[in-house]
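On the provided structure of chain A, position chain B as indicated by the hints.
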Amino acid sequence: MPKITIDNRTIEVEDGVTLLQSCLDEDLEIPHFCYHPAMTAPANCRQCLVEVGMPRVDRETRERVMDEDGNPVIDFMPKLQTSCSMKVADGMVVRSHRTSELVKRAQKDNLEFLLINHPLDCPICDQAGNCPLQNQTYKYGPEGSRFEFRKVAKPKNIELGPRVVLDGERCINCTRCTRFTQEISGSHQLTIIERGVRNYPMTPPGVVFDEPYSMNVIDICPVGALTSKDHRFKARIWEMSQTPSISTTNAKGSNCVYHVKDNLVLNITTRTNMGVNEFWLADEDRLDYKKFNENRPDGPTVRGQARDWDAAWTEAATLLSGVDGARIQFLGSAHATTEDNYLLSRLAAHVGADTPSYIPHIEEGHGDGWLRTDDRAPNSQGCERLGFFPVDADVLKSRLSAGEIDVLYVMEDDPVGTGVCALSDLEGVKIILHHYHSTNATLPAASVALPAAMAVETVGTFVNCDGHAQRLRPAKAIRGVNRTLAMEVGKSRADLHGTPFDRWYTESNMVDCEPGWVSIPAIAERVGLNLSYKGPRAIMAELSDSNPAFQGATYDAMGEWGFRLDVVGQSEPHPQTA
Amino acid sequence: MASKAGDWRNYERVLLPPVKDLHRLDVFENHGGYDALRQALTTEKWNPSSVTEEVKKSGLRGRGGAGFPTGLKWTFMPPANPDIPRFICCNADESEPGTFKDRQVMEYNPHRIFEGMILAGYAMTIKTAYLYVRGEYADWITHMERELEKAYAKGYVGKNIMGSDFSMDIVIHKGAGAYICGEESSLMNSLEGKRAYPRIKPPFPAQKGIWNYPTTINNVETFAHVPLILSRGADWFSSIGAPSSPGPVLYGISGHVNRPGVYEYPSGMLISDLIDHVAGGMRGGKKLKAVVPGGSSVPVLRADMIDGVAMDPDSLREAGSMLGTAGMLVMDEDTDMVSFLRRITRFYHHESCGQCTPCREGTGWLENIVTRIDEGEGNMKDLDLLIDLCSQMEGRTVCALADAAAWPVRHTITRFREEFEAKCRPSLVATHVESAAV
Numbered sequence: 049m050p051k052i053t054i055d056n057r058t059i060e061v062e063d064g065v066t067l068l069q070s071c072l073d074e075d076l077e078i079p080h081f082c083y084h085p086a087m088t089a090p091a092n093c094r095q096c097l098v099e100v101g102m103p104r105v106d107r108e109t110r111e112r113v114m115d116e117d118g119n120p121v122i123d124f125m126p127k128l129q130t131s132c133s134m135k136v137a138d139g140m141v142v143r144s145h146r147t148s149e150l151v152k153r154a155q156k157d158n159l160e161f162l163l164i165n166h167p168l169d170c171p172i173c174d175q176a177g178n179c180p181l182q183n184q185t186y187k188y189g190p191e192g193s194r195f196e197f198r199k200v201a202k203p204k205n206i207e208l209g210p211r212v213v214l215d216g217e218r219c220i221n222c223t224r225c226t227r228f229t230q231e232i233s234g235s236h237q238l239t240i241i242e243r244g245v246r247n248y249p250m251t252p253p254g255v256v257f258d259e260p261y262s263m264n265v266i267d268i269c270p271v272g273a274l275t276s277k278d279h280r281f282k283a284r285i286w287e288m289s290q291t292p293s294i295s296t297t298n299a300k301g302s303n304c305v306y307h308v309k310d311n312l313v314l315n316i317t318t319r320t321n322m323g324v325n326e327f328w329l330a331d332e333d334r335l336d337y338k339k340f341n342e343n344r345p346d347g348p349t350v351r352g353q354a355r356d357w358d359a360a361w362t363e364a365a366t367l368l369s370g371v372d373g374a375r376i377q378f379l380g381s382a383h384a385t386t387e388d389n390y391l392l393s394r395l396a397a398h399v400g401a402d403t404p405s406y407i408p409h410i411e412e413g414h415g416d417g418w419l420r421t422d423d424r425a426p427n428s429q430g431c432e433r434l435g436f437f438p439v440d441a442d443v444l445k446s447r448l449s450a451g452e453i454d455v456l457y458v459m460e461d462d463p464v465g466t467g468v469c470a471l472s473d474l475e476g477v478k479i480i481l482h483h484y485h486s487t488n489a490t491l492p493a494a495s496v497a498l499p500a501a502m503a504v505e506t507v508g509t510f511v512n513c514d515g516h517a518q519r520l521r522p523a524k525a526i527r528g529v530n531r532t533l534a535m536e537v538g539k540s541r542a543d544l545h546g547t548p549f550d551r552w553y554t555e556s557n558m559v560d561c562e563p564g565w566v567s568i569p570a571i572a573e574r575v576g577l578n579l580s581y582k583g584p585r586a587i588m589a590e591l592s593d594s595n596p597a598f599q600g601a602t603y604d605a606m607g608e609w610g611f612r613l614d615v616v617g618q619s620e621p622h623p624q625t626a
Numbered sequence: 021m022a023s024k025a026g027d028w029r030n031y032e033r034v035l036l037p038p039v040k041d042l043h044r045l046d047v048f049e050n051h052g053g054y055d056a057l058r059q060a061l062t063t064e065k066w067n068p069s070s071v072t073e074e075v076k077k078s079g080l081r082g083r084g085g086a087g088f089p090t091g092l093k094w095t096f097m098p099p100a101n102p103d104i105p106r107f108i109c110c111n112a113d114e115s116e117p118g119t120f121k122d123r124q125v126m127e128y129n130p131h132r133i134f135e136g137m138i139l140a141g142y143a144m145t146i147k148t149a150y151l152y153v154r155g156e157y158a159d160w161i162t163h164m165e166r167e168l169e170k171a172y173a174k175g176y177v178g179k180n181i182m183g184s185d186f187s188m189d190i191v192i193h194k195g196a197g198a199y200i201c202g203e204e205s206s207l208m209n210s211l212e213g214k215r216a217y218p219r220i221k222p223p224f225p226a227q228k229g230i231w232n233y234p235t236t237i238n239n240v241e242t243f244a245h246v247p248l249i250l251s252r253g254a255d256w257f258s259s260i261g262a263p264s265s266p267g268p269v270l271y272g273i274s275g276h277v278n279r280p281g282v283y284e285y286p287s288g289m290l291i292s293d294l295i296d297h298v299a300g301g302m303r304g305g306k307k308l309k310a311v312v313p314g315g316s317s318v319p320v321l322r323a324d325m326i327d328g329v330a331m332d333p334d335s336l337r338e339a340g341s342m343l344g345t346a347g348m349l350v351m352d353e354d355t356d357m358v359s360f361l362r363r364i365t366r367f368y369h370h371e372s373c374g375q376c377t378p379c380r381e382g383t384g385w386l387e388n389i390v391t392r393i394d395e396g397e398g399n400m401k402d403l404d405l406l407i408d409l410c411s412q413m414e415g416r417t418v419c420a421l422a423d424a425a426a427w428p429v430r431h432t433i434t435r436f437r438e439e440f441e442a443k444c445r446p447s448l449v450a451t452h453v454e455s456a457a458v
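Residue numbers (our numbering), protein chains in the order written: chain A, 49 to 626; chain B, 21 to 458.
Next comes chain B alone, as it looks inside the complex:
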């Protein structure tokens, strides 16, 4: 496998371009801001369905982790009916450990998000859009509220946008600090002021979303791509990076690299390129041990598994992982994988909403066992028990949090089993454990 990012070294950033003070409305306008919106609203070429068509043609896939084709999602909305309210929502509840790319867009290019949301609202005939931001991003909420005020004042948002007969409001909603609120159905419950328990699907949001009305929810980065697709064309967008998941991608690289941060490059970058060239190589010249390519819940890759692996869904699936949010965790040879897993399990234990039994009880149990192993009190049979518990959790809950909690455990143990065994007390008997050992 090879890089699918093409000539990435000469890639020109579009989502987070190197423009000073781009977050300011006047700077944003001078750099083509709201042009796509103006075109869409005022020229004959564009109407709601042609906007959707263009997004569909571009091949844009959701950047929140699941990678669902965005244009297709938009077409799931039922035909507009003036008597039935409908909503879009921008999911800015970025909370997956290792993921911090949306924050950069909110900080450096907030108007791009607004523009994308209005375009999406135009495409789906929406009057109210919500921007659900995690509570911990308090500063970014203040920042965006200020910028949104300016956009309102200039007539980019609100009544009769740019003199057209299209009106849409954007409401910024502050979350209260729960990871589960990033799951779209619990986000909707949270937005409605309810306890953020995920809902059963079906019905999907496009059928019954916010207040049971048709709703489409997209990630911050996904919305931010929409104005570019309209102004530069779907063909331009689909020509960037990996064909199966094209477009610019914000790679959030953290861990033991020299220059951690968010980097915009075409999709399909080689993991090795990202580490060695983009992020400045391993810190202190250490050897690479493991990479989690897309946020803490996706399966970890050993250093010997990343040769030629590109950051696109197909390539990563082949390698035994997933693209997720493209928030990459890089670990060097000194990393204790048991300790790493202990932290991950602690996170999911803390964030399980407690609605479904397997997740509520399983996440805590996983943490208990991993903690015990990390502290040298574990037994060999614990490793089999952990895998067993993962099987008991995966696919048996309302939302995917149980899977997100189980995958790191399953894969970290299977891929670094020797490290776990080394920390366990030696076993004198067979290590396999029956399902109901007394």
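Looking at chain A on its own, in the form it has when it is part of the complex:
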């Protein structure tokens, strides 16, 4: 491993990496705009300039020349070098802005250049507060400007595609967006047009920037030139709290950040996890946030009548204990957490029912081998690993029509809405339903309807299509008192901006729902099964101990980046689906 010296500090670095990356790895900040670790470095922003020197090597002996004190003689390169394009080499000596006035000056000069044609409309810019240009200008830039001319006018408010809007004047021509479409997504839908100071990114003639990953360019844009058509002007970054969690749109389980204001999810952006989605997030994951805010139910109901939670749980318990276990069908859920499904399977076993099945949400042809999968639910793997099998709609329907099922217990899903059965099939069947939305098509037939906490409101574990177990963190509060959730909310919502604009205690946007790990133990208690755990953490701890399919997947092991579960063999076919 080569050793390099940065600002009088010698470190060992990985061979073959760039100087900038090795500095960033060491938490030595070097301002930069165009460099992105996943893409080639064009070295065009010229912000990461540093002084670079190499030990002098004797031409004859090929050995390093030493001075009187026995230190190698360092020859500094005549020009400043861009650290993003410079590969590290053993013995390299680097002076950054911390030790070099020349570098400090160069960075200041460059920022002055970057700002002369930048509109400086930060007060109305969506990027403000989260803007590399803004941040680095405050840190390294000049105090004012000597530019006394009209700024270059470029097209503004251009819809590059259905989801991305361009402000050409804010663009600093780092080419991250065009390189994304060339090197990462491969769509080639963006290019730089015009020349010189009039440059800006644009789609080629006749092309619409509509690839399924287009919104990633919003994240990587170091200024506010590319903004989300959906989110722009909705909320300032500091008005929202940011919760790192998992997206729920597909089985990839891409890591994301939920932006929440007053208990409404307003935006979803990517979160880097090199083991899952790297730096990227599909557009569908980003835009699928309205489901957390809209059509949410308001408290439990029994046969359509609003009841309190106690009454609803008691009613559910009555339904379960009133019949032979073999005549109860449990449906787990690929939308629910592993913990909740596990509790459900315990409950099913206790009342003598078969292992739950789950409703698959497969959309053939949707997957692309990258971050989108055919499976449109986030936790099918978790269900499979618990021994659940996908429900066979024909078998279920024939059993329903044969009158073999008295009670149908549906966990956080919608058998009617997904077409597994029709409302008419369910006549005479008592249904216990945990549901997310008041639009749930099974809801009219439900005897007991228990609103369930969604992924942004609960704590739990999803297992993605590759067997990667990852934690959900609550981004918004639910109505009612839940100490575990309250503590998790406090721990997971990083106070990035230090301002109190997000009022998480805003009651009006709270949903009266309960997570599965509250509802199921409450019902279980009423049928004589003790399922009281100290929260999902304890459930997962037990599961990781007792079930080889989840071996080692404790909350501590999953941490921020998830835990890769062992590959497990296929278990015996389910009698129902055989």
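Hints were generated in silico from the structure; no laboratory data involved.
Please note: incorrect hints may appear among the correct ones.
Unchecked claim - For lysine-lysine, the following DSSO-like pairs were computed, each having C-alpha atoms within a straight-line distance of at most 27 angstroms:
| # | chain 1 | residue 1 | chain 2 | residue 2 |
| --- | --- | --- | --- | --- |
| 1 | B | 401 | A | 152 |
| 2 | A | 156 | B | 401 |
| 3 | B | 401 | A | 199 |
| 4 | B | 221 | A | 135 |
| 5 | A | 199 | B | 443 |
| 6 | A | 202 | B | 214 |
| 7 | A | 127 | B | 221 |
| 8 | A | 135 | B | 214 |
| 9 | B | 147 | B | 76 |
| 10 | B | 221 | A | 156 |
| 11 | B | 40 | B | 170 |
As the list claims (entries may be wrong) - Computed far set for chain B versus chain A, every beta-carbon distance over 10 angstroms:
| # | residue |
| --- | --- |
| 12 | 98 |
| 13 | 340 |
| 14 | 371 |
| 15 | 377 |
Because the structure is a prediction, the values reported are computed rather than measured.
Idealized CB from N, CA, C, for every residue including glycine.
Chain B alone, transformed into the frame defined by chain A:
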């Protein structure tokens, strides 16, 4: 310093000899055309490495502006490997203001260029050569395409040239009209059909050039010299003109002289000889004020700085300028240097590709300020600001366009400061400006 051109008055032109219709293949053949190529391909004396050696020995230096030793450049190519394509490219994207010498070779002696390219291709074992011509030279492209067809028909280019087992194609590629395409790495991007942004060096073209394969790029005039070096010998070539940069040079003289044009003379001509004797003296008997010796980007010389200065790299460096492309701009006493600089800054502003921040933003800012001064709206502090901006641009970009844009500003202001001050509004306070004046 004295002329290094020797007996230049009796110099016999070799690159653009006074032969009528030399561009025609039959005329060219009658005047020794393609002889050097025939010798190289058919006689025992020559093989690829001896051709390179001869060019190296001749001391030929690139005529595109940077003056890099040509033979040395050729040796940078990795050893030939039949599995890995490799290319040479002739840079005919002549666009530096004040430079128009390559056009003359393309018009009057195109076969000499082809011959030089094939010889270079032979020396470096090349199968495909590109001739990248700027789009504005549309007529010359048509002209050369026609002549190239004839050369193909006669078997000078293409498969098994002159019955040997050496084959090479020449592809003429038309640029789309951007100055930056003359920079070799952006030329390669342009040739590949990409946006002509210069590439970061290293890797150099010999390592990763066109389509990331080994590539050597030379100027038109450089290639045109190669057949002469082979047929007349390296010693003949190195005996011409200034020893540090020998050989015939095409001097493009423009501006306020009586006979502007392209003149072929030995290297190391005195600037004063070129103006007074070659170009027929100053127009209207005016006094000389300034000379830009090698294309618009090299530092301007005041009339009192050219005494005894010869057109070779060392002499010009001593005088405070550079040889560049030897395209000389001559200005008489009536020239407004502010206006001159305004035009130059406008050019670089227009031609900056916009890849790197300092150049993209700096070139426009320079033009803004110089324009303001030229229109009488400038302030004294603007002059210091201009110099300051030049320091902020020089050496901080991927390619040399920022330097090319900054040098004329820096040197025109320092060498003609009184003219700039005269156009600025008088200052009542100290003129020095801090880096971040609010």
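Hints versus structure:
| no. | hint | verdict |
| --- | --- | --- |
| 1 | 401(B) to 152(A) | holds, 24 angstroms |
| 2 | 156(A) to 401(B) | holds, 20 angstroms |
| 3 | 401(B) to 199(A) | holds, 21 angstroms |
| 4 | 221(B) to 135(A) | holds, 12 angstroms |
| 5 | 199(A) to 443(B) | holds, 24 angstroms |
| 6 | 202(A) to 214(B) | holds, 23 angstroms |
| 7 | 127(A) to 221(B) | holds, 13 angstroms |
| 8 | 135(A) to 214(B) | holds, 25 angstroms |
| 9 | 147(B) to 76(B) | holds, 22 angstroms |
| 10 | 221(B) to 156(A) | holds, 25 angstroms |
| 11 | 40(B) to 170(B) | holds, 18 angstroms |
| 12 | 98 | holds, 20 angstroms |
| 13 | 340 | holds, 19 angstroms |
| 14 | 371 | violated, 7 angstroms |
| 15 | 377 | violated, 5 angstroms |
In this structure, the hints that do not hold are numbers 14, 15, in rising order.
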